[in-house]
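Trainee: Chains as they are written, first to last, in the working numbering: chain A, 90 to 574; chain B, 68 to 165.
It is worth saying that the hints were derived from the structure and are not from the lab. Hints may contain errors.
[Unchecked claim] Pairs of lysine-lysine, DSSO-like flavour, derived with a Cα cap of 27 Å:
1. A:K322 <-> A:K336
2. A:K342 <-> A:K388
3. A:K196 <-> B:K134
4. A:K198 <-> B:K134
5. A:K171 <-> A:K196
6. A:K479 <-> A:K373
7. A:K499 <-> B:K71
8. B:K134 <-> A:K422
9. A:K171 <-> A:K123
10. A:K322 <-> B:K134
11. A:K171 <-> B:K71
12. A:K107 <-> A:K198
13. A:K388 <-> A:K422
14. A:K479 <-> A:K562
15. A:K441 <-> B:K71
16. A:K362 <-> A:K559
17. A:K373 <-> A:K198
18. A:K342 <-> A:K479
19. A:K180 <-> A:K441
20. A:K373 <-> B:K155
21. A:K322 <-> A:K342
22. A:K559 <-> A:K336
23. A:K562 <-> A:K342
24. A:K196 <-> A:K107
25. A:K499 <-> A:K479
26. A:K180 <-> B:K134
27. A:K180 <-> A:K388
All of these numbers come straight from a predicted model, not from anything done at the bench.
Residues per chain, in single letters:
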Amino acid sequence: MNYLDRSIDDLHALLVSKSLTSQQLVQDTVENIKAVDPELKAFIRLNENAENEAEAIDNQGIDADNVLAGIPIAIKDNILTKNLITTAASKILDNFNPIYDATVIEKLKAAGMITIGKTNLDEFAMGSSTENSAMQITKNAWDANHVPGGSSGGSASAVGAGEIVASLGSDTGGSIRQPASFNGVVGFKPTYGRVSRWGLIAFSSSLDQIGVMTRNVEDNARVMAAISGADPKDSTSVDMPVDYLDKINDDIKGMRIGIPSEYFGSGVDEGVKAKINEAIETMKSLGAIVDEVSLPHSKYAVPTYYIIASSEASSNLQRFDGIRYGYRAPEAKTLDEVYVETRTQGFGDEVKRRIMLGTYSLSAGYYDAYFNQAAKVRTLIRQDFDNVFKDHDLILAPTTPTTAFEIGTKISDPVTMYMNDVLTIPVNLAGLPAASIPAGLSDGLPVGMQLIGNRFDEKTIYQAANAFEKATKFTDLKPNVKGAN
Amino acid sequence: MISKEEVQHVAALAKLELTDDQLEMFTGQLDEIIDMVDQLSAVDTTNVAPTTQMNEQTNVFRADEPKPGTPLNELMENVPDEENDLIKVPAIMDKEED
């Protein structure tokens, strides 16, 4: 079973008509993963219990009204799955067996979806290429010499290569949208607070959100709706109506789309710009009113992000100390050695770098100049967006400055790597919803169009994305995958 | 500019130990990153309130009613070293605190 040509609707029809059982679907999925993944390396671990879970769903009977019933899904390995080892792609958690499911996992189970396995990521979600994983290097679904992007590289690559029809990722500075763009799939990050973070291994608590990657827009909206909702266990989650599908088949005549001039600077590759400009023409041909807008504080977004995210991460990662769970340094002779040796041996370089930057930014004498100043600039960045949304429905821009770069070419220079997220980071700082939608190919590699919406206005993003998808059919483009069919 | 001494100090605060080579490498990299973030000092933030939370929420409380906790055996499942339901760690060998 490869998912390159099948939507969730197609699979649901097969399950309802009993042409296929969920158990067979799971078996076929696992067989395909075993054929494709030795090369792709998107998966860290498969769920040995998936077939049993599928059997239970088959025994209950597939609910004809629940399109997600019996459908397999892949989960980024920083989301806790009960009794299925969850590592955050770090040595410090390589034996960690969660005693509870993340809220999003509980919701997926309630919807009848089956976790097929855990996908690779940059360690603790820190990175833009999945090269920071302590486990393995994941390849781009379109070219094995290129990165899948990050940090949700495994989730994006698995969908891009047709191993799975949907996956969960997390997005703190672009970690769903950038790999979605690099692998030619639909990636969605909701408004901050839409999806519970309970059970998401925390990186930066005011920026992190869980979201979804799929091959098409409608599938994405369905899975996003299933995982959304206020959760008493996450006090930053909010109670807003989940109306993502309300306008998904509406046309976009008269929709006001703003194009931020700052997102088309010299750092953006000509091939990417060309595809986004074509996308803008498509939107106009569909009746949208498009004009240029400005987000004046854009150039401060990357430094603002790195201070805030690193500071929050330095605090969140204090819990990894070898005491209650995870790796404990075997040679430690004193309590202090337990802490220092465990963390020194257990964390990779990028994690250490960010912990140190965060510790520095929060330390006495530097707090005001760094953390507090960043928090103020964050307010200005947010206001830039609020101003544009006073008289626009959506913002359209490239998702990434380039297509997927080659493995090993950026990893030794942190600042160069950080610039990959220059177009996605502002969205997390402002807490807005945004998606990356396939917009064609440049030199054989996928280009993503980013649609940014107003707070809690996911439905307008889905409306425009679906109209665009129907007009262009870029989501039908597929890579040559060894073992497919 | 961040010095090696500052990096060493920060690493110690974060309970990390760096080799000489790593100290060299990290100092160089952190220096570049700090150069990048120093741009923020140019932004006029007079009268701008810092963003402290995302969705204008006020205190989120639950009812003051007791609920079952997590069973001890589950909590102990991932503990690297334990004895009699207690987490075991090496003794604090001397009175040195940092």
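Trainee: With reference to the structure, classify each hint as holding or not holding.
Mentor: Now for the hints, and whether the structure bears them out:
Taken as a hint, the K322 (chain A) and K336 (chain A) pair is broken in the structure, with Cα atoms around 30 Å apart against an allowance of 27 Å. Pair hint K342 (chain A) plus K388 (chain A) does not hold up; C-alpha atoms about 32 Å apart against a cutoff of 27 Å. Pair hint K196 (chain A) plus K134 (chain B) holds up; C-alpha atoms about 22 Å apart against a cutoff of 27 Å. At most 27 Å may separate the alpha-carbon atoms for a hinted pair to count; K198 (chain A) and K134 (chain B) meet this at roughly 24 Å.
For the given pair, K171 (chain A) sits about 13 Å from K196 (chain A) by alpha-carbon distance, which is consistent with the 27 Å threshold. Annotation: proposed proximity of K479 (chain A) to K373 (chain A) holds, straight-line Cα distance about 21 Å (limit 27 Å). The hinted pair formed by K499 (chain A) and K71 (chain B) meets the criterion: a straight-line CA distance of about 25 Å does not exceed 27 Å. Under the criterion of a C-alpha separation no larger than 27 Å, the hint pairing K134 (chain B) with K422 (chain A) is inconsistent with the structure, at around 39 Å.
Of the supplied pair hints, the one linking K171 (chain A) and K123 (chain A) holds, its CA atoms being roughly 23 Å apart against a limit of 27 Å. The straight-line distance between the Cα atoms of K322 (chain A) and K134 (chain B) is roughly 13 Å, inside the 27 Å bound, and the hint therefore holds. Distance restraint check for K171 (chain A) and K71 (chain B): the Cα-Cα separation of roughly 43 Å exceeds the 27 Å cut-off, and the hinted pair is therefore not satisfied. With a C-alpha separation of about 21 Å, the suggested pair K107 (chain A) and K198 (chain A) falls inside the 27 Å cut-off, and the hint holds.
For the proposed pair K388 (chain A) and K422 (chain A), the alpha carbon gap of about 48 Å is over 27 Å, so the pair is violated. Using a Cα cut-off of 27 Å, the hinted pair K479 (chain A) and K562 (chain A) is violated, with the two alpha carbons roughly 31 Å apart. Between K441 (chain A) and K71 (chain B) the CA atoms are separated by roughly 15 Å; this keeps the pair inside 27 Å, and the hint holds. A C-alpha spacing of about 21 Å is found between K362 (chain A) and K559 (chain A), which places the hinted pair at or below 27 Å, so the restraint holds.
For the hint linking K373 (chain A) to K198 (chain A), the alpha-carbon distance of about 41 Å lies beyond 27 Å, and the restraint is violated. At most 27 Å may separate the alpha-carbon atoms for a hinted pair to count; K342 (chain A) and K479 (chain A) meet this at roughly 19 Å. Of the supplied pair hints, the one linking K180 (chain A) and K441 (chain A) holds, its CA atoms being roughly 13 Å apart against a limit of 27 Å. For the proposed pair K373 (chain A) and K155 (chain B), the alpha carbon gap of about 66 Å is over 27 Å, so the pair is violated.
Distance restraint check for K322 (chain A) and K342 (chain A): the Cα-Cα separation of roughly 41 Å exceeds the 27 Å cut-off, and the hinted pair is therefore not satisfied. Straight-line distance between C-alpha atoms of K559 (chain A) and K336 (chain A) comes to about 14 Å, which keeps the hinted pair within the 27 Å bound. A threshold of 27 Å between alpha carbons decides the hint, and for K562 (chain A) with K342 (chain A) the separation of about 19 Å falls inside it, so the pair holds. As the CA atoms of K196 (chain A) and K107 (chain A) are separated by approximately 25 Å, the hinted pair is consistent with the 27 Å bound.
Only pairs whose Cα atoms come within 27 Å are accepted, and K499 (chain A) paired with K479 (chain A) is rejected, the gap being roughly 39 Å. Our distance criterion of 27 Å between C-alpha atoms is broken by K180 (chain A) and K134 (chain B), whose separation comes to about 35 Å. Only pairs whose Cα atoms come within 27 Å are accepted, and K180 (chain A) paired with K388 (chain A) is rejected, the gap being roughly 35 Å.
In terms of the numbered hints stated before, the structure departs from hints 1, 2, 8, 11, 13, 14, 17, 20, 21, 25, 26, 27, listed from lowest to highest.
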